[in-house]
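Novice: The residues making up each chain are set out below.
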Amino acid sequence: MAVDATALEPEGPRRNGALRSLSTLAWRRPWLKGLGQLVPSVLAFLLVYIAALAALLVSGFWRIDEFTSEIVREWGIDNFRTLWDDPTYRTIALRTVGLASAVTATCIVLAFPFALYLVRVASPRLRVILLVATVLPLWVSYLVRVYSWRLLLNPEGAINWALGGLHLPQQNILYTNWAMWVVYTYIWFPFMVLPVYAALERIPGSYLEASADLGARGRTTLRRVVLPLAMPGIAAGSIFTFSLTLGDYIAPGLVGGPSSQLIGNVVFANVGVANNVPFAAAFATVPLAIMAVYLLLMKRVGASENL
Amino acid sequence: MRTRNCFIKVAFALLVGALAVPAAGVSKGDALPTAIGAGEGQLAMVAWEGYLDKSWVKPFEQQTGCKVKAKYAGSSDEMVSLMRSGGGGQYDMVSASGDASLRLIYGGDVAETNVKLVKPWKDFHSAFKSPANNTVEGKHYGISLQFGPNLLLYNTAKEKKPTSWAALYDPANKGKITIPDNPIQIADAALYLSRTQPSLKIRDPYELDQKQFDAAIALLKKQRPLVKKYWVLASDQIDVFKNGGSTLGSSWPYQLSTLKAAKVPVAAVNPKEGVTGWLDTWMLSSKANHPNCAYMWWNYVSSPKVQAQQATFYGETPVNKKACKEMDKIAKGSCKEYSANAPDSYYRSIKFWKTPLADCGDSRGKVCMPYTKWVQAWTQVKG
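Read top to bottom, the protein sequences are chains A and B.
Counting from 1, one number per residue, gives the positions in the first sequence under the numbering used here.
Counting from 308, one number per residue, gives the positions in the second sequence under the numbering used here.
One chain only, chain A, in its complex shape (with noise of 0.2 Å):
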């Protein structure tokens, strides 16, 4: 780089010394330039994310006096043991994992036809209809969707009503494991479709003409052409769902039944009613190790790409 520095020179008027001789140390040494624009956002990663999470795992070894309930700073790993040996935080935490997998199944079963039907059948009028209707539910309240779910499942409401036309059997459904699965899908729905519609919107089309010229039908095009190039949106809506309902502590209080409690149950009734942070911050690293396990997972069938 051997170019004369009067050359650089702004025109118009000089900026005042410290300034100056700032911005020219900053041209002189690229590297403290690239550090002076780094030190912000990394300091602000480093306080917000990694601290938080230092100061999660942390407090998990700590424990809380049984008579003020203030947290006593020693180290001892009594929560993590009371974790292993009580079965009822292994049940909870299977429970948690178990509806939220159920849930991830569920929407990719239902999001994966229609965003190939938005992407390849319906005219761009109506795709963009569907987009929105999709994406609407978004814009209101979790609170009011899941009370509205509340009406919908009702025994005395609008899905018996309907179901009572048709003369079918009456479902009861309300406060149960079942309510929240229904739920958290239709909750979480719009957050599989948009990543699973990104990448089918990436296959071109004379993928599938080639497909077709080499003698595959749909089925074995769609099984070996279009599923395996979808794959790393739904792996990375598969994340959003999954990592949602793994973290919700609404929905059970709300719609679930007498045996509905998820870790963030377990993890709001510890903080919020005992005060005892340091053993919701060890069951708080559970669900951190299983997304960590998942991600490892979606990461090899390349999510990474369409988060």
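No lab work stands behind these hints, which were simulated from the structure alone.
Treat the hints with care, since some could be wrong.
[Unchecked claim] Among chain B residues calculated to face chain A with C-beta under 7 Å, some are: (1) D384; (2) K536; (3) Y678; (4) T679; (5) V682; (6) Q687; (7) K689.
Ideal Cβ placement from N, Cα and C applies to all residues, glycine included.
Chain A is fixed; fit chain B onto it per the hints.
Specialist: Just chain B now, with coordinates in the frame of chain A:
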């Protein structure tokens, strides 16, 4: 690479520094005031939603010149942490419920009160003058405000009138029962056991040793399959009673009057085993900056008229005897509906919420189950 390492080190040092600062929680040993001085012009309060309604806060501000700054809390725990935030002193008063008040007292967060300076106090039902959840060793920490009993609610069209909490543990009532989603509910099971299993020797449902506690938890675990819904908000229970199929439940007077107003055939009974209940107390921070205004507030909020106003507004029962008449002025029959004129023996029979502590408070010593254990056990009950 070097710079990145350096960042991590700096961030880590900051983090360790932040965590190492010990929590401050020392109470000032101030002597009790003997007179109410001039108001300080301000009063910062932590309260339950609705406890600082304009309709009675405005007149107070005009009378005393103490501007009320309200901070609403969503849970007892939030109240405790708000009172401790910033080393205390940010808030002057808190409307603590029984499951938080002892924590505040033992944490040194609230100051002793000179009840002689709160005139309406002498008109309180005697059960609320020195209740165990705000009076320790004869020292008053705050002034009782309002209370509510936990009643056995039932649908009169579909159920026979129950007389015992046993209805909520009877397998015949599977799928009809609604129970509050609150760890303090363990005390309800303990209260029932104290009558039905005298061999457990449960004297106080909030002071349970391991054996008594296990028995209560076992009973609640047997109850779980019968439960239709553990309700979080009162409106949830109202909803399930209206059209969710529940006909029996542990409930509050608020749900009773709301359901009655909605023409649902319901009634509530005081079962023969007795009932638990909650009692709120206005407490004064041990680092309060506006104590004179706080004493003025105590005098104001304990007066019959304001007691009645809040009771009818919120659906709870005043602790001041004289509030009964005022309640009927606001809403006819509300005094009786909320049992504001019951004999003192009734109030004394209610086992009011208090924070379970490791110290049983009797000869058994420190073998009782503290509240954290209650919360964890409640998680296990719900499964």
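Novice: With reference to the structure, classify each hint as holding or not holding.
Specialist: Hint by hint, here is what the structure shows:
Given the 7 Å rule on beta carbons, the hint for D384 (chain B) holds: about 5 Å separates it from the nearest Cβ of chain A. Interface hint status for K536 (chain B): upheld, as the beta-carbon distance to the closest one in chain A is roughly 5 Å, under 7 Å. Given hint, Y678 (chain B) at the interface with chain A, holds; its Cβ is 6 Å from that chain's nearest Cβ, closer than 7 Å. About 5 Å separates the beta-carbon of T679 (chain B) from the nearest beta-carbon of chain A, less than 7 Å, and the hint is met.
Evaluation of the V682 (chain B) hint against chain A yields a held restraint, the C-beta minimum of about 4 Å falling below 7 Å. For Q687 (chain B), the shortest C-beta to C-beta distance to chain A is roughly 4 Å, which falls under 7 Å, so the interface hint holds. For K689 (chain B), the suggested interface contact is upheld, since its CB lies about 5 Å from the closest CB of chain A, less than 7 Å.
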